[in-house]
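As you go down the protein sequences, you meet chains A and B in turn.
Numbering-wise, this note's numbering puts 326 at position 294 of the first sequence, and it's gapless, one number per residue.
Numbering-wise, this note's numbering puts 173 at position 141 of the second sequence, and it's gapless, one number per residue.
It is possible that some hints are incorrect.
The list treats identical chains as interchangeable, and a pair is accepted whether it falls inside one copy or across any two copies.
Subject to a maximum C-alpha distance of 27 angstroms in a straight line, what follows is the list of computed DSSO-like cross-link-like pairs (lysine-lysine) [claimed, not checked]: (1) Lys49 - Lys77; (2) Lys335 - Lys406; (3) Lys337 - Lys138; (4) Lys335 - Lys372; (5) Lys167 - Lys259; (6) Lys338 - Lys165; (7) Lys249 - Lys155; (8) Lys149 - Lys76; (9) Lys259 - Lys165; (10) Lys167 - Lys312; (11) Lys167 - Lys295; (12) Lys259 - Lys303; (13) Lys406 - Lys303; (14) Lys312 - Lys93; (15) Lys312 - Lys165; (16) Lys229 - Lys312; (17) Lys76 - Lys363; (18) Lys148 - Lys177.
Quick caveat, the hints were computed from the structure, so don't treat them as lab data.
There are 2 protein chains.
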Amino acid sequence: MKEKNCEELQREVERLKSLLDISLKFGSTLDLQEILNLIMEIAKKTLDAEASSIFQIDEEKRELFFVVATGEKGKEAKTIRIPWGKGIAGWVAEHGKPLLVPDVSKDPRFFQDVDKKTGFKTKSILAVPLIRKGKVIGVAEVINKKGGGEFTVEDTILFEAIAEQAAVAMENAKLYSQLENLFLSSIRAIVNAIEEKDEYTRGHTGRVTEYSLLIGKRLGLSNDEIKTLELSALLHDVGKIGIPDSILRKPGRLTDEEYAVIKSHPLRGVKILEPIENIKHILPGIKHHHERYDGKGYPDGLKGKKIPFYARIIAVADAFDAMTSDRPYRKGLPIEIARKEIEENRGTQFDPECADAFLRELDENPERIEEIIKRGRE
Amino acid sequence: MKEKNCEELQREVERLKSLLDISLKFGSTLDLQEILNLIMEIAKKTLDAEASSIFQIDEEKRELFFVVATGEKGKEAKTIRIPWGKGIAGWVAEHGKPLLVPDVSKDPRFFQDVDKKTGFKTKSILAVPLIRKGKVIGVAEVINKKGGGEFTVEDTILFEAIAEQAAVAMENAKLYSQLENLFLSSIRAIVNAIEEKDEYTRGHTGRVTEYSLLIGKRLGLSNDEIKTLELSALLHDVGKIGIPDSILRKPGRLTDEEYAVIKSHPLRGVKILEPIENIKHILPGIKHHHERYDGKGYPDGLKGKKIPFYARIIAVADAFDAMTSDRPYRKGLPIEIARKEIEENRGTQFDPECADAFLRELDENPERIEEIIKRGRE
Numbered sequence: 033m034k035e036k037n038c039e040e041l042q043r044e045v046e047r048l049k050s051l052l053d054i055s056l057k058f059g060s061t062l063d064l065q066e067i068l069n070l071i072m073e074i075a076k077k078t079l080d081a082e083a084s085s086i087f088q089i090d091e092e093k094r095e096l097f098f099v100v101a102t103g104e105k106g107k108e109a110k111t112i113r114i115p116w117g118k119g120i121a122g123w124v125a126e127h128g129k130p131l132l133v134p135d136v137s138k139d140p141r142f143f144q145d146v147d148k149k150t151g152f153k154t155k156s157i158l159a160v161p162l163i164r165k166g167k168v169i170g171v172a173e174v175i176n177k178k179g180g181g182e183f184t185v186e187d188t189i190l191f192e193a194i195a196e197q198a199a200v201a202m203e204n205a206k207l208y209s210q211l212e213n214l215f216l217s218s219i220r221a222i223v224n225a226i227e228e229k230d231e232y233t234r235g236h237t238g239r240v241t242e243y244s245l246l247i248g249k250r251l252g253l254s255n256d257e258i259k260t261l262e263l264s265a266l267l268h269d270v271g272k273i274g275i276p277d278s279i280l281r282k283p284g285r286l287t288d289e290e291y292a293v294i295k296s297h298p299l300r301g302v303k304i305l306e307p308i309e310n311i312k313h314i315l316p317g318i319k320h321h322h323e324r325y326d327g328k329g330y331p332d333g334l335k336g337k338k339i340p341f342y343a344r345i346i347a348v349a350d351a352f353d354a355m356t357s358d359r360p361y362r363k364g365l366p367i368e369i370a371r372k373e374i375e376e377n378r379g380t381q382f383d384p385e386c387a388d389a390f391l392r393e394l395d396e397n398p399e400r401i402e403e404i405i406k407r408g409r410e
Numbered sequence: 033m034k035e036k037n038c039e040e041l042q043r044e045v046e047r048l049k050s051l052l053d054i055s056l057k058f059g060s061t062l063d064l065q066e067i068l069n070l071i072m073e074i075a076k077k078t079l080d081a082e083a084s085s086i087f088q089i090d091e092e093k094r095e096l097f098f099v100v101a102t103g104e105k106g107k108e109a110k111t112i113r114i115p116w117g118k119g120i121a122g123w124v125a126e127h128g129k130p131l132l133v134p135d136v137s138k139d140p141r142f143f144q145d146v147d148k149k150t151g152f153k154t155k156s157i158l159a160v161p162l163i164r165k166g167k168v169i170g171v172a173e174v175i176n177k178k179g180g181g182e183f184t185v186e187d188t189i190l191f192e193a194i195a196e197q198a199a200v201a202m203e204n205a206k207l208y209s210q211l212e213n214l215f216l217s218s219i220r221a222i223v224n225a226i227e228e229k230d231e232y233t234r235g236h237t238g239r240v241t242e243y244s245l246l247i248g249k250r251l252g253l254s255n256d257e258i259k260t261l262e263l264s265a266l267l268h269d270v271g272k273i274g275i276p277d278s279i280l281r282k283p284g285r286l287t288d289e290e291y292a293v294i295k296s297h298p299l300r301g302v303k304i305l306e307p308i309e310n311i312k313h314i315l316p317g318i319k320h321h322h323e324r325y326d327g328k329g330y331p332d333g334l335k336g337k338k339i340p341f342y343a344r345i346i347a348v349a350d351a352f353d354a355m356t357s358d359r360p361y362r363k364g365l366p367i368e369i370a371r372k373e374i375e376e377n378r379g380t381q382f383d384p385e386c387a388d389a390f391l392r393e394l395d396e397n398p399e400r401i402e403e404i405i406k407r408g409r410e
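Use the sequences and the hints to build the structure in full.
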């Protein structure tokens with residue numbers, strides 16, 4: 033092995049320090065997109081490149097798509113998808129090996145569409161696979177060595193270590209979101225199965241959840257808030273499990289006592305879920321989804337913005353579904369009538385903001401809501 | 033800043049490379065304990081220490097406990113817990129700052145109990161906090177510089193970067209296991225609520241799950257297998273949701289048709305859960321928990337080891353609970369009778385291995401099983 037001179041060592045120290053930098057940055061955030069952006073900014077800087085990017089693999093569509101694209105034309109690049117097996121990235125994804133292309137104009141594998149669409153001029157590329165458990169999950173690239181130099185074998189080794197960090201972050205995020213999906217789908221499946229037994233409620237929770245999410249997105253909720261809203265809506269009627277069928281499905285008029293039992297379901301729901309650790313954040317939405325904005329609801333007669341936010345959203349969704357879904361003894365109301373009801377009761381029964389968000393959705397995307405209602409009538 | 037000489041640079045390169053090594057090792061495993069062990073072995077080697085350790089904080093008990101303890105006396109050390117605020121580690125946990133102690137005999141903060149109990153002779157300590165989102169979640173230490181030297185400020189900087197990697201791994205694992213708990217507890221709460229309505233089944237699933245886990249642990253299942261078993265057991269009767277109460281709770285003898293409906297519950301369970309992504313691994317346990325080892329069970333009349341493993345475990349647990357739990361029309365059987373039933377039917381109704389595991393548990397830990405049964409009779 034040849035001895036390295038002092039200058040080379042100094043350079044190596046600098047490079048290795050930038051890797052260290054990545055692990056420190058890791059500490060400050062848990063948002064995957066942010067982590068990946070940070071890592072690729074550091075890669076670009078450390079490897080003296082004009083641009084850097086990460087592609088993820090869409091196995092279903094058999095395409096690569098940009099997760100990160102730094103550099104001048106990054107924004108433009110991010111909209112482009114690369115067909116399976118195409119381009120340098122495609123080759124790396126397929127072969128699971130790094131690829132150093134000093135002059136793309138001489139490499140027939142180079143996929144020219146990205147440059148054409150962005151106006152960027154790619155000269156050289158260093159691409160490495162992102163590998164987890166022996167499987168390629170993406171590709172990382174640095175593009176154009178600054179000052180017209182070439183990427184080296186040493187660059188490749190360093191870039192592979194950087195890519196490893198990105199791959200770990202991506203894999204962790206994926207595992208977490210898979211578990212999240214498993215959780216929500218399981219709750220959804222069980223709640224559906226319970227409702228399935230009963231013509232009254234069949235599909236109710238699913239529809240209320242969909243309406244709630246439409247409202248939540250209109251109101252600009254963050255990803256985390258949307259998740260909380262979804263879980264709250266999925267479980268808003270869970271307290272009905274404890275109510276005897278003889279009351280829940282009574283076709284005729286309820287006695288006062290029976291009605292009181294029905295009205296206990298929000299508190300029953302809280303009682304069922306309360307023992308669960310880490311679920312406290314959804315209890316307010318469940319407890320208060322039958323409050324009214326004017327304070328005439330139950331269980332606590334809360335008024336206005338004192339009603340928890342998620343409960344105000346679910347209240348609108350719940351009422352709309354109650355009106356528009358078919359019942360054994362009557363057809364569901366037409367959308368226009370239900371729409372008018374919500375409009376007329378904004379500020380009395382409903383939080384005006386939540387009602388308005390839903391009305392906007394109804395006016396701008398009527399097909400989507402029609403489709404949800406129709407599904408319930410099948 | 034003073035220029036570094038070539039030798040210093042060479043050393044720095046070596047150290048930084050060991051950090052790189054950590055990120056590469058990260059790739060090969062996802063088991064937290066393994067990752068932390070790896071990281072601390074690398075720390076020990078890179079920093080030329082005799083031993084290294086990681087402490088985690090037990091907030092409830094206000095203690096620090098070892099998660100990793102490398103070095104000669106590591107095994108002995110791991111059983112020791114350190115009271116809050118005690119020792120070098122306690123100081124670092126409290127102040128959230130690194131601490132370099134060249135000679136512990138001169139530092140009154142040093143907690144001597146560990147050395148006393150292990151026979152290890154601590155001379156110097158370098159300790160750094162593990163911090164996530166501004167909160168101290170643990171402490172990492174390297175102990176005794178080899179050759180009698182002292183840990184340096186440079187060591188501290190490098191060790192902080194290593195600790196950061198450990199902190200990220202710990203935080204990720206914690207978030208994941210919190211979500212897992214939330215998932216399982218939610219399923220448990222909903223299933224409990226469904227069973228609560230019915231004297232027949234009250235608490236059944238909870239007890240079957242506990243018995244199944246006792247068997248699984250006896251059989252030496254891995255952590256992941258235990259999790260799959262738990263979810264399978266929690267959902268083994270989910271198909272009963274779809275069966276009319278008039279049949280499910282009929283006090284007298286069932287007609288052949290009614291019995292056929294009851295027997296459809298394993299397949300109904302599969303139908304409810306099938307649409308869920310990533311849940312395929314628990315379907316076999318649910319579908320086949322009423323098979324018999326001699327092939328006379330349902331739905332498929334599978335025989336012997338052809339019956340999926342989790343299903344064979346749940347079958348024993350299910351039968352034991354059916355015998356020992358009270359029913360509206362009869363008291364539960366005494367443990368000894370139920371024990372004998374299982375013993376006599378090993379190899380016909382039950383997989384002998386699973387039956388034996390449960391019998392061993394019954395013989396060696398009768399109080400635990402009595403307690404589970406008693407809870408159901410309250």
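Status of the hints after comparison with the structure:
For the identical chains of this complex, Lys49 and Lys77 are neighbours both inside a copy (12 angstroms) and across copies (19 angstroms), given an alpha-carbon limit of 27 angstroms. Proximity of Lys335 to Lys406 under the C-alpha cut-off of 27 angstroms is found in neither arrangement, the shortest distances being 34 angstroms within a copy and 46 angstroms between copies. Taking the shortest Cα distances, Lys337 and Lys138 never come within 27 angstroms of each other, neither inside one copy (65 angstroms) nor across copies (60 angstroms). When the C-alpha separation of Lys335 and Lys372 is checked against a cutoff of 27 angstroms, the pair qualifies only within one copy, where the shortest distance is 22 angstroms, while the shortest distance between copies is 62 angstroms.
Within a single copy, Lys167 and Lys259 get their C-alpha atoms only as close as 30 angstroms, which misses the 27 angstroms cut-off; across copies the closest is 25 angstroms, which meets it. Within a single copy, Lys338 and Lys165 get their C-alpha atoms no closer than 50 angstroms, and across copies no closer than 30 angstroms, so neither meets the 27 angstroms cut-off. Taking the shortest alpha-carbon separations for Lys249 and Lys155, neither the intra-copy value of 42 angstroms nor the inter-copy value of 59 angstroms comes in at or below 27 angstroms. Taking identical chains as interchangeable, the C-alpha atoms of Lys149 and Lys76 lie at most 27 angstroms apart only when both belong to the same chain, with a minimum of 22 angstroms there against 51 angstroms between chains.
For the identical chains of this complex, Lys259 and Lys165 are inter-copy neighbours only, at 21 angstroms across copies versus 29 angstroms inside a copy, given an alpha-carbon limit of 27 angstroms. Only between protomers do Lys167 and Lys312 lie at most 27 angstroms apart by alpha-carbon distance; the minimum there is 21 angstroms, versus 38 angstroms within a single protomer. Proximity of Lys167 to Lys295 under the C-alpha cut-off of 27 angstroms is found in neither arrangement, the shortest distances being 53 angstroms within a copy and 42 angstroms between copies. In the homo-oligomer, the alpha carbons of Lys259 and Lys303 lie at most 27 angstroms apart both inside one protomer (21 angstroms) and across protomers (26 angstroms), since each shortest distance falls under that limit.
Proximity of Lys406 to Lys303 under the C-alpha cut-off of 27 angstroms is restricted to the inter-copy arrangement: shortest distance 23 angstroms between copies versus 34 angstroms within a copy. In this homomeric assembly, Lys312 and Lys93 come within 27 angstroms of each other (Cα to Cα) only across copies, at 23 angstroms, whereas the closest approach inside a single copy is 39 angstroms. Proximity of Lys312 to Lys165 under the C-alpha cut-off of 27 angstroms is restricted to the inter-copy arrangement: shortest distance 21 angstroms between copies versus 36 angstroms within a copy. Proximity of Lys229 to Lys312 under the C-alpha cut-off of 27 angstroms is restricted to the inter-copy arrangement: shortest distance 24 angstroms between copies versus 29 angstroms within a copy.
For the homomeric pair Lys76 and Lys363, neither the shortest alpha-carbon distance inside one copy (62 angstroms) nor that between copies (73 angstroms) is at most 27 angstroms. In this homomeric assembly, Lys148 and Lys177 come within 27 angstroms of each other (Cα to Cα) only inside a single copy, at 20 angstroms, whereas the closest approach across copies is 59 angstroms.
Checked against the numbered hints listed earlier, the structure breaks hints 2, 3, 6, 7, 11, 17; every other hint is satisfied.
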